[in-house]
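Undergrad: Add chains Z, S and C to chain X, keeping to what the hints say.
Protein chains in written order, with the numbering used here: chain X, 1 to 362; chain Z, 1001 to 1281; chain S, 2001 to 2359; chain C, 3001 to 3292.
Just to be clear, a hint being listed does not mean it is correct.
The list that follows gives simulated cross-link-like pairs (lysine-lysine, DSSO-like), each with its CA atoms no further than 27 Å apart [stated by the list, open to error]: (1) 2214(S) / 129(X); (2) 1110(Z) / 68(X); (3) 68(X) / 1105(Z).
Residues from chain S that keep clear of chain C, each with C-beta distances beyond 10 Å, as calculated [unchecked claim]: (4) 2005; (5) 2094; (6) 2141; (7) 2171; (8) 2177; (9) 2188; (10) 2223; (11) 2257; (12) 2269; (13) 2327.
Just so you know, the hints here were simulated from the structure itself, not pulled from any lab data.
For every residue, glycine included, the Cβ atom is placed at its ideal position computed from N, Cα and C.
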Amino acid sequence: MNLSATDLCLTVDGVDHLKDVSATFVPGRLHAVIGRTMAGKTTLLRVLAGLQGVDSGALTRQGADFLKTPVWRRDTAMVYQQFINYPHLDVFDNVAFPLKRAGLARDEIRRRVTDSLARVGLADFERRKPSQLSGGQQQRVALARALARGTGILLLDEPLANLDYKLREQLRDEFRTLFSDQGDTVVIYTTTEPAEAMMLGDVVLVMHEGRILQTGSPQEVFERPATTTVASIINDPPMNIFTGRIGSGQVTVAGFQATHVSAHLADLPDGTYRFGLRATDVGLASAGVEGEVTFVEISGSETFVHVAVGETPFVVQIEGIHDVALGDLVKLRLRPERLFAFDEEGTLQRTPSYDLTSVEGR
Amino acid sequence: MRSRLYPVFKYTMIALWACFVAGPFFWAMTTSFKDVNGVQGGATYLPWLQYEPTVVGWRNIFGGAGGVDVMRPFFNSAVVTVAASAVSLVLGSLAAYALSRYRFKLGFIKNSDIVFFFVSQRIMPPVVLVIPFFYLLQWTGLLDTVLGLVIVTVALLLPIAVWVMVDFFNGIPREIDEMAMLDGCGPFQTFVRAILPNSLPGLTVAAMFCVVFGWNDFFFAFRLTFTEVQTLPQAVVALNSSIPPWWTLSAAALFGVAPLILLALRVERYLSKGNLSGAVR
Amino acid sequence: MTQLDIVDVGHSYRSGAEEERWALKPLRLTFEAGKTYALVGPSGCGKTTLLNVLSGLVRPSQGHVLFDGADVTALPTRARNIAQVFQFPVIYRSMTVYENLAFPLQCRRWDKARIDAKVRQVAEALDLDDRLEQPARRLTADDKQLISLGRGLVRDDVAAVLMDEPLTVIDPQLKHSLRRKIREITEQFGPTVIYVTHDQYEAMSIAQEVLVMKDGRAMQQGTPEQLFEAPSSTYVGYFIGSPAMNFLTLDRTDGHVTLGGRPLTMAWDMPEGTTECQVGIRPEYVEVATEPGPNTFPARLRDVRDHGPQRVLVMEVAGGLVRAKVPREDGVPASEEFLVRLPRAKALPYADGRLVLHS
Amino acid sequence: MEALRRHKSMFLLPGLLTLALIIIFPLLFTIRVSFSGWNVSNPQLDFIGGANYTAMLHDSRFWASITRLVLLAGGTVLIQYVIGFGMALLVWREARGRRLWRVLFLVPMMTTPVVMAAIWQMIFHESLGPVNDLLGMLGLTKVPWLTESGPALVALMTVEVWQWTPFMFLLLLAGLLSLPKEPFMAAAIDGAGAWRTFRKVTFPLMAPVSVAAIIIRLIEASKLSDSVYVLTSGGPGSATETPGYYLYIQGLRDQQTGYSGAMSLTYLVLMIVTLTVVAALLARAFKLKGAS
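If we strip away everything but chain X, and leave its shape as in the complex, we get:
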């Protein structure tokens, strides 16, 4: 029942939308595809759904060539980023539409529609038209339609991207329950938000410029990002990446005082490296290197302070909401024991250890 992609390539007007994409999608697991906008996530979903062809590569399901299967026989449901429903049908008929196409009996249709509308919390909205619903409710209808069929493949293309953040938070929590038991369904979920991928994914695939850069469990990808690009995609705000040197037992980062090499970097040969440090591992302190605040963002319950130290930009994440004025001079302190080391091509060399009390989450 696996869905396997091998070396999928698609170039449109000279731009690679998919480049050598190979992946195996397994039933019963939620695959979170994370990447920035235009990374090729949507294209990948459209290829899997059969809405888009490829230049080369293979797609197989149960050993059969899936590329030759037309859309309407792929046993696939999809939820779009925009809230797409049939405008002329009410909520009940929207959800019933694919079931009727599948030729189910009336009673069975009614049972399934009622059931899936209840699961998304829209039991009382059966006779409303989509245009009479809020954005969040419309997206729930789309979700109910996708779930009601119980298809073998369920594709979700940034389903929360167009919702208010409070609603996004709420639905994200609900998704954890909704998708916790997917039986034999292959679920693929795209997102631009690291927290969403981490929280929902059983498997995380990191995409960038049409390529899959890394595949693994959320923990693996987050704690061992294969390259600097992965490191910046899987962190929000993106991981601070800067150049530094290791030499004679000291780490030197431009502008900062040299510090002792911490244990996890000790066995690296001397030389120039790219270092990564999460925004949570840079702190504002009373002593340290001075920088100027260029911008302050507040996201949920965190304050992100953008600081320029000479030419190097840093993002500092502080818990809670704090008033920091633009143009202020602040002092930064780095936590050397939390440095990720990459070589000059950006390939991961060493990671800080997380094995303190770590227990597999969930």
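TA: Then chains Z, S and C, alone, in the frame of chain X:
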């Protein structure tokens, strides 16, 4: 312009134009209740005050002695209009859907060229087409038949249907098609079950244009049908060619344009909602 | 720079509706000159109505709008000298960038030299000075929004700049830099800014003061920090912050406030005689404790949500759900049952859904 | 995707083939017949080379009709555009009874041109018609509307304006109604008055619609012949003759089939070339005007 004079200016202009627009109808209406006495003395407008109204004109067109029968031409016009419009709408919607949703490429010919081919047929003057059509219908035995007239009228209406519908379909998100296919509909089912039900405003506008241009066609009917299948415009114009019994002509003319005026009253809201705006851009 | 006062303004789109159903319930607000304010709330909360009242598009059913003390309630938009940036970028399609920026000044019949100097000054601040001669319609959406902002800034005396969800159609990649640009520019020129958005992040990142609205009412006005640290109601506690503030229902035994039978001390006292008492605490301040102590309660772990650098622990405390945000390096409690501490200073008392005032 | 490729032709072909089949024969026939001497006494497809075309070059009546058509079509479409736009602006927003006005202003385009031309013929009647009657009331002399060339052209243009301004009105009103309201709010906020708002906002926004509406009307107007037939029969003399009407006389009434074929093709080619050029010029003119 925001001065107090602006409303005066505005409603004066509206009123003047309204008089001009309504004038011919008023004239036809008042004339249709005249007889020789009401006409011969020069222009008169108000019944009872200026002339003695009669219904002789109206009686004439409904088979009164010495008049003409308009019911048969009316019926012919209706059949030709409805049939040609229906064929054009069906074929036009299908083609428009294809042109809106799929990419065609045949050498240097692309979608926009095909759309242009359809729409450009409106440039053909009827008089250029009518001679070849005459011989074509003569050879196929369709001259002076409803079927023959329907076929050539489709050539007039199909471009209109394609023109309106391509732009209307372009305004419907493609994701709806994709969703329907994912939901198990083949391409044809997708069109019928997901797209057509959402196209009623567009179909209404297209249908209205087809009916208007179909009903109002004169030249094809004039040269390709004679005695068997006379259409309403032909019948009215035939009245005009003889020494004008103005009252009969007026009554027949009003009878001939009435159906579409009623149609205009019904579909106005579709038209002004801006459903056409896509087609114009 | 103008101070805007909203005096008992209320509005209903249908006349004769009872006040409970008004789009905007009568309220009194002051927007100080030169400050940036954000109006935030879910759709239908009245924020857009309030903006339209300020711009003159909506004439309120009651109350007065004062610009620097002068009553402008009856004045049309054109006479109010405000600027507005809309959701969808609005530029004069047929004009160049320069002509767009000069347009409001031409309407005011400034002389050419003065217009030129002003337009160039504003264009430079907006980083548009190298594209002045380009047709404005060729610019990207974010630059078009800057032009809209610029059309307000060229007028020295502009009363206020109103922004109606200006980032809606901006590419996510560019939202960040446009937000930054807007903040820089408004700090440089210092107009009074009213910024409407449904996005809390945006509101708090851009504004000095945030006004949270719901169902046509102003729920709380304050700096982002105030909204976070001391939400005036359970609604604001829920609406601001992610995950939302935790609220747990309290009991009263022998005059003491208790949670699940154990005593709880809060930042300040709950007055006597309140019917529904709750404690509110941010997930950031809930601590996993290793040993029993004051304000420490047994918890049962329900779920762990991995957000990356932090994890959110969802647990049951005294019959209610509590979320705690813990750094990743702290790991996850080894057993399902453990203790949590609610630090006194961060545990706020709520009575009937409203924050109890510190006496 | 493979499957879709097979289906797309099934949607397109029925319509495309139907139209092509209906259109292709007349075109081929006309081309062939234009090189023949087919006429009423010699109805056969012989081959006489370009004789018809040579004759046509010297047919001043044909060329006069072409010139007349250009002036008639250009003039009436311009008037229709100005009035249509004006009326659309007047009933676009707040106007008392705007639904009524909208319907009324649409009605003429729904009526049959030949039928209405018959009515107009009565209206323009020299002694019994209301136009001269009204002129008389105003103390003006009677005009021989349909029997003198100048007035006949005016009468014909009046009928065209009456019949087709509604179409222009409809397209422009639809365009106006679909305009976003923000640019107008922005203009009000910037302090622009009504005239400035029209010149800088409404007109530029309506430019694409205007170009399309004018082109559509020019295409339809270039086929003018029905109304001529009923109203003036091309007279007096050939004073109101259009190519369409002249072709009718030559090809259908006098059955000079070969000769009319040559003229038909020339007429068609001239029209296509002219309209293409006009379309390009208009598109550029509206853009240039917008940019200044």
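Undergrad: Taking the earlier hints as the rules, which of them does this structure contradict?
TA: Violated: hint 5 alone.
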